[in-house]
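Engineer: Here is what each chain is made of, one letter per residue.
Protein chains: 2
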Amino acid sequence: MIAIDEKTITDVALAQMAGTRDPRLKEIMACLVKHLHAFAREIDLTPEEWIDGIKFLTAVGQTCTPYRQEFILLSDTLGLSSLINSLHDRRALENGTKTSLLGPFYRQDSPQRKLGESIAANPGPAEICIHGRVVDTAGKGIPNASVQIWQTDDEGVYDLQRNDPSVMDLRGTYHADAEGRYNLRTVRPLGYMIPMDGPVGDMIRAQGRHGYRPAHIHFLIGAPGYRELVTALYLRKDDHIDSDTVFGVTDSLVTETTKNDPASPFPNLPSISFDFQLAAAKAEDATGRVGADPSQITKKTVQSSH
Amino acid sequence: MIAIDEKTITDVALAQMAGTRDPRLKEIMACLVKHLHAFAREIDLTPEEWIDGIKFLTAVGQTCTPYRQEFILLSDTLGLSSLINSLHDRRALENGTKTSLLGPFYRQDSPQRKLGESIAANPGPAEICIHGRVVDTAGKGIPNASVQIWQTDDEGVYDLQRNDPSVMDLRGTYHADAEGRYNLRTVRPLGYMIPMDGPVGDMIRAQGRHGYRPAHIHFLIGAPGYRELVTALYLRKDDHIDSDTVFGVTDSLVTETTKNDPASPFPNLPSISFDFQLAAAKAEDATGRVGADPSQITKKTVQSSH
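Residue numbers (the working numbering), protein chains in the order written: chain V, 2 to 307; chain Z, 2 to 307.
Simulated from the structure, these hints should not be mistaken for laboratory data.
Be careful, since some hints might not be right.
Same chains, same names: a pair is fine if it fits in one copy or spans any two.
Stated by the list, open to error - List of simulated lysine-lysine pairs, DSS-like, C-alpha gap at most 27 angstroms:
(1) Lys-283 to Lys-260
(2) Lys-27 to Lys-8
(3) Lys-141 to Lys-238
(4) Lys-260 to Lys-238
(5) Lys-283 to Lys-8
(6) Lys-35 to Lys-8
(7) Lys-99 to Lys-35
(8) Lys-99 to Lys-8
(9) Lys-27 to Lys-260
(10) Lys-8 to Lys-260
(11) Lys-260 to Lys-115
(12) Lys-8 to Lys-141
(13) Lys-115 to Lys-283
(14) Lys-35 to Lys-238
Next up, chain V with everything else stripped away, as it sits in the complex (with noise of 0.2 angstroms):
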């Protein structure tokens, strides 16, 4: 019979958690528990801040919906989910475009479009022009490269969040050409606030913290033989690029438009220049994505909870 007390418990856990069948589950577990229990002990934990916490964490799991992923928000305002990426990019065999947050508005059927072709239904004055090459990591164009693009309006709003979320708008999917080359036309997007009426909300202005993101362009670009790659470009002139607070915002995907651009398709518009360049396949890549579709999160997740 041992003493359980402050400094027992951890190897006790671990000792009880040695069965674990799946190697990996069971280093990860163990990780786990040795860096949560080095934070309540560090911290010197109360039974009263314990209780919040559970407190929190449970809400912020009700607050989960078919279109809303609060556990995502929470791991992206605490840095996790940039963590994630970085280990991402570093694991990978080559050095290609940082990875940036996938976000919680992807959808996976996103129209396709010839390569020129707006995303936008209603351009109006805030046209803009993003053109580049999807190439290796020896700068040699990638034919027929996916490129996937989705963002804001220049409101600052997706059309998940409009009245008919059904309507897509702002989104498309492309093909580069036998180069590699690619180029659209958009809007310039808006930077938003993340939603604050959950306890995550509660917690960001608990720390003060502004809960914007400076305008940004999602994209997905895929080919045969190279790793997928999730990333966004951020706008330089944007009030917040400085202090994103989702930490997505990395110097080498800072962009703006310059007007007059010679290599733009589309000169008269304001134009993003852009080069994407993609690493290698490896063998463990083929599901490499951050974030998801949170509403097959959420439906997976209700589903294993019954």
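Got chain V; can you put chain Z on it based on the hints?
Structural biologist: This is chain Z only, laid out in the frame that chain V set:
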């Protein structure tokens, strides 16, 4: 513009949280982020593993109901609740009886009973006696100390788990006599399996754990000027006494009935003799209780998430 990578992200996240107004919240969240990031870095967590974790935590939150607190169960089964209790004991001014888990079956409105009465509506052949004293750390009796007790029946089932959870059984609140002596009758409880039909049950199975708690009797002991004591007595002959799934058992709380105990007020019954030792109160102890009525937690939680 900073480059965010696996080395810089932690400092960037901490900097953004530096404006937290409440100083304790600020240090708790900073400590949490450091350990959460250290966990992800050390285990090199992949995007697929991260999304599995998101799904698991979402399912834990969505399994919580007014009668079930799955996040407390998760904390219990990871050894965190036991650690929080140990840290609480270590902060005491004096060494008293060790804290153990409150568990999810505590009810605040337990019936008042006279010394010697039984908490069991139908004790049957499993009837036992529990007797002893409530004392201070010098061994001096504490007059009129409050002794709340609750437990399973001899089949391992709490009243709250029966068909009509509004019927109270196997609960009572006693008051010690002028010398701090108490005695009561009950039945010998049986151990039981934690709820295994939710995500925590899935985890326990994946870890090859049996999911049982050894037979135990809960106590909540209080008196003005002393630290409230939440604890439990564990029965030595239980098969799972060395492998409690929630790590509540510690050597000093393990006991067993004896026959023909001359000190027992009911010497014809198998009797447990146990003295509870209360430490002096500290100013911060006012609400120092691990766990709570799960229905209250969940109600507050749901309210705060809307």
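Engineer: All hints are to be evaluated individually against the structure, with a verdict given for each.
Structural biologist: Going through the hints against the structure:
1. Taking CA atoms no more than 27 angstroms apart as the test, Lys-283 paired with Lys-260 passes in neither setting, with 39 angstroms inside one copy and 68 angstroms between copies.
2. For the identical chains of this complex, Lys-27 and Lys-8 are neighbours both inside a copy (21 angstroms) and across copies (26 angstroms), given an alpha-carbon limit of 27 angstroms.
3. Taking identical chains as interchangeable, the C-alpha atoms of Lys-141 and Lys-238 are never at most 27 angstroms apart, the minima being 31 angstroms within one chain and 72 angstroms between chains.
4. In this assembly of identical chains, the alpha carbons of Lys-260 and Lys-238 lie at most 27 angstroms apart only when taken from the same copy (14 angstroms versus 82 angstroms across copies).
5. Proximity of Lys-283 to Lys-8 under the C-alpha cut-off of 27 angstroms is restricted to the inter-copy arrangement: shortest distance 23 angstroms between copies versus 42 angstroms within a copy.
6. With identical chains, the CA atoms of Lys-35 and Lys-8 are at most 27 angstroms apart both within one copy (12 angstroms) and between copies (21 angstroms).
7. In this assembly of identical chains, Lys-99 and Lys-35 lie within 27 angstroms of each other by CA distance solely across copies; the values are 23 angstroms between and 30 angstroms within a copy.
8. When the C-alpha separation of Lys-99 and Lys-8 is checked against a cutoff of 27 angstroms, the pair qualifies only between copies, where the shortest distance is 15 angstroms, while the shortest distance within a copy is 41 angstroms.
9. Taking CA atoms no more than 27 angstroms apart as the test, Lys-27 paired with Lys-260 passes in neither setting, with 55 angstroms inside one copy and 45 angstroms between copies.
10. When the C-alpha separation of Lys-8 and Lys-260 is checked against a cutoff of 27 angstroms, the pair qualifies neither within a copy, at 64 angstroms, nor between copies, at 36 angstroms.
11. With identical chains, the CA atoms of Lys-260 and Lys-115 are at most 27 angstroms apart within one copy only, with a shortest distance of 24 angstroms there and 88 angstroms across copies.
12. With identical chains, the CA atoms of Lys-8 and Lys-141 are never at most 27 angstroms apart, being 57 angstroms at best within one copy and 30 angstroms at best between copies.
13. For a Cα distance limit of 27 angstroms, the shortest separation of Lys-115 from Lys-283 qualifies neither inside one copy, at 30 angstroms, nor across copies, at 72 angstroms.
14. Taking the closest pair of Cα atoms, Lys-35 and Lys-238 never come within 27 angstroms of each other, the shortest separation being 43 angstroms inside a single copy and 31 angstroms across copies.
Violation of the numbered hints given earlier is confined to hints 1, 3, 9, 10, 12, 13, 14; the remaining hints are satisfied by the structure.
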